[in-house]
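Student: From first to last, the protein sequence lines stand for chains W and V. Be aware that the first sequence starts at 1, since it is given in my numbering, and climbs by one per residue. Be aware that the second sequence starts at 1, since it is given in my numbering, and climbs by one per residue.
Just so you know, the hints here were simulated from the structure itself, not pulled from any lab data. Just so you know, not all the hints are guaranteed correct.
[Stated by the list, open to error] Here are the simulated DSSO-like pairs of lysine-lysine, each with C-alpha atoms no more than 27 Å apart in a straight line:
1) W:89 - V:87
2) V:172 - W:74
3) W:147 - V:399
4) V:4 - W:132
5) W:127 - V:87
6) V:4 - V:172
7) W:80 - V:132
8) W:287 - W:399
Protein chains: 2
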Amino acid sequence: MDIKKLRNYAELIAKTGLNIMPGQEVVIRTEPEQTEFIELLIEECYKAGASNVSIEWRFMPATKLDITYQSEEKLSEVLKWQEEKLKYKAETLPASVYLDSDDPDGLTGIDNAKWARAQQKRYEIIKPYNDKMENRYQWCVAAVPGKKWAKKVFPELPVEEGMEKLWELILKCSRADGEAPMEAWKEHNDNLRRRCDWLNSLNLRRLIYKSESTGTDFNVGLIPDMLFCGGDEELPGHDDVRFNANIPTEEVFTTPMRGDAEGIVYSTMPLSYNGMLIENFSVRFEKGRAVEVKAEKNEEALKTMISMDEGAAMLGECALVPWESPIRESGVLFYSTLFDENASCHLALGRGYSSCLKEFWKYSPEEAREKGVNDSMNHEDFMIGAPDLSIIGVCEDGKQVQIFKDGRWAEM
Amino acid sequence: MDIKKLRNYAELIAKTGLNIMPGQEVVIRTEPEQTEFIELLIEECYKAGASNVSIEWRFMPATKLDITYQSEEKLSEVLKWQEEKLKYKAETLPASVYLDSDDPDGLTGIDNAKWARAQQKRYEIIKPYNDKMENRYQWCVAAVPGKKWAKKVFPELPVEEGMEKLWELILKCSRADGEAPMEAWKEHNDNLRRRCDWLNSLNLRRLIYKSESTGTDFNVGLIPDMLFCGGDEELPGHDDVRFNANIPTEEVFTTPMRGDAEGIVYSTMPLSYNGMLIENFSVRFEKGRAVEVKAEKNEEALKTMISMDEGAAMLGECALVPWESPIRESGVLFYSTLFDENASCHLALGRGYSSCLKEFWKYSPEEAREKGVNDSMNHEDFMIGAPDLSIIGVCEDGKQVQIFKDGRWAEM
C-alpha cells in the first residue's frame, strides 16, 4: 500500500480518531501484523502531541494456546502488576487506539465454557477500573489487514493480494483514500450530526422494527433522557476535544431502556464473537431479555455470550444504518464487526453507552444504570438490517413517525 | 522454512535451552516478526510443562521513536506497575527466552547521550531485581530472522530469499537442522565440558593474548576460585536441571579478575551495540580499565558504552572459540553478537558471570563482586579472534601452558 496513504490514515486516527491532547499518553492495542503501519501510527501520535506511546500487543494464536494449556485458575488470574497497570491507566486516562486485524475464526475449537468462566473471574477485578475510565478518555477502533482475516474475506486470492485488496477496502470504507481524509471526516461528522439532530427533535420513546423478508418483528423502549449520537463525540471536561470512537462509522445510535424489548430479530450477517463466527441466528426478547437464541452455526457460543453476566442478555445499543451505506455498497462481507455493523442496522447485546444520556457527565456509572443504561462485561453488535426493514418511532406524545422505510432513512 | 524443522528448533529451545520445570512460568521476549515460529515455541513450552507462557514484545522502531520524541524524564521512567512486574518475576523466576532478530542498525541516528542517561536512570530501579534473579532461573538466547537483519547480512538478495537463507544458517549454526537436534546438543555439550575439564585442571591465573596480524598484545588476570564454563550449566538448587543459555554456543569462557588487565586488543568483527554497529576498533587497558578506545565507525557509541557505569570499562568475560568454529566456517558475518561471538575468541566489557565461581550459589552478588567478578548494567562482547592468535595460560605455580596457537586449541 502507498506509504503516503498509510501516513494519511495514521494521521487521521491520531487527530480525528483520538484528537490527542498535548502531553497526553497514548496506548495502541494491536496484533503483531502491519508493523510498518504501526511505526507510522506511533510517529503520528507523537507528532500530534503524545508524551508517550506504548503498544499493548495482542496475539490471538497465543490466546488460543493459553486457553488450551493453562489451568482455569491460571487463566483467570489478574496479577498484581496487571492491576497496577489498570490503576495507572484509570489515573492517567491515555488516549487508546484499538487496531483490529483479528482472524474471525481465530479461537474456533476452544473450550468455550472454560474461557467464559476465566473472563468472568478476570472481569471482577477489571470492572471497577473500566467503570472509572468510562467516558473520560478518547478511544478509537480502526482496522489494518491481517493475513488470516484477508484470507477469510478473499478466500480465492493469494494472501498478499488479499491483504492489498483489504487495505484498499479499509481505506475506502474509512474515507481515508482521498487527498484530505481529515477534511472528508469533518463533512461526514456534520452529516451524521444532522441526522442525530432530526431524531432528537422527535422526542422518541420506542422503536418498532419489522421486516417480512427476515421475519424480524420487534420493539424496544427508549430512555426519556437519551440522545441519538453519531460521528464524533465530545470528551467531557474538554470542550474543544471531540473524537471519533470508530473509523469507519456510518451509524446513528442510542442506548435503549434496559428491560424493555419484545419480539424476535433475525441476524442478516455472521457475528464474530471471541474468535468464532456465529451464523444465521435469531434472538427472541421478552421483557427486555433474550429468552431464546437459535443459530445454524456456533449456537453454543451464542448461548455462552448471553450468559456471561446478567446484562449480557439485554440490549445496550440500537443503531441505524441505511441499506445503501458505502460499506454495504462495497459488496464485501468483512467478518469484522467494525465494518459489518456499519453496513447494517444493528443491535448490541450487553453494556450500553451512558454517553447517550443528556448531560451524561453528571451521572456516576450507578446513576446511569438506574436511568436504564444496561451494564455488562460484553458489548456485542449484531446485524439485523434488511432491504425491506421498516422502523417506526413512537414519540412521547404517542405520535408515530416513519424513521426507516425499505431499509433506508424515511426522510432527508 | 520447513515446519518440522521449525518445530524441532522450538522444542530444542524449550527443552535443551530452558529445560522448563513442570508448572514453571515462561517469558518469551521477541520482536513482532516470525509470528508463526513464536506460535510453535509457545506450544512447545506448554508441552514441556509450562503453566503460563507470556510474551514481552520488543519493537525497535518504536524504541527509536520513543528516544526521539519523549522527554528525557519520560524516557527514564520505570512506572510502578512495571516495577511490580519486575518484582513478580524476581519472585516467580520464570524461564526466559530472548529471541534475537534485531536490526543491527536499528537505532542509528539517535541521541546517544540522552538514551544512555535514560538507561542509567532506569537501571537504578531495575538492578536490585536483576541481582535478586541472578543465577536463579534458566534463560536462553536464540535467534530468528528479521527482515532488516536479513537485508544487512545478505544485501544482494531479495528480502524473502535473504530471510530463508538466514533461517537455514541459524538452524545450521544452532545444530538444529538435523533429525534429532536434542541428541546433537547432548554430544556438543559433552565436548564443551571436556574442554572445560582440561582448562580447569590447569589451575590458571593469567591469560596472555598475542596476535601480530591484528596488533593485539594483552594480558588479563583470573580469579583463583574461577572455573571455565561452556555448554549447558546447572540451575542451583535443582540438580537435574541443566540449561543452555545460548543457542548456538561454541565458546568456553570464564569471568576474569576485575581490575587486572593490561595492553591493547583489536576488534576483528563489528560490534552491534544498542542498535548501532561499532567497526574496526581497539581498546587499551591499564589496571583492568579501558583507558583508550578508538573506532573507525561509531567511536562515540563505544565511548558511551564504556562510560555507562563504573564497571562498563572493565572486563566481565574471556571466551575461547577456535578459528575453525562452524559459525566462522559459514563464512558469514552476522552482525549479531549471538553468532559472531561464537565465531571468534572474544572479551566482554561489563558485568561478569558470578556463575563461573566455584560453588557460586554460596555467594551473594556482593560477595561475588568482592571476589573479583565485575558489576555493570552492560555486558558487551567484542571479537578479537585471529588466525594467528596465541593465548598462553600462566598457572598458579608460574608454569606457562599454550592454550591457543594459530587461533586454535593447542591441545586435544
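Student: Compare the structure with the hints numbered earlier in the document and write down the numbers of the violated ones, lowest to highest.
Tutor: Checked against the structure, the hints that fail are numbers 2, 3 and 4, while the rest are satisfied.
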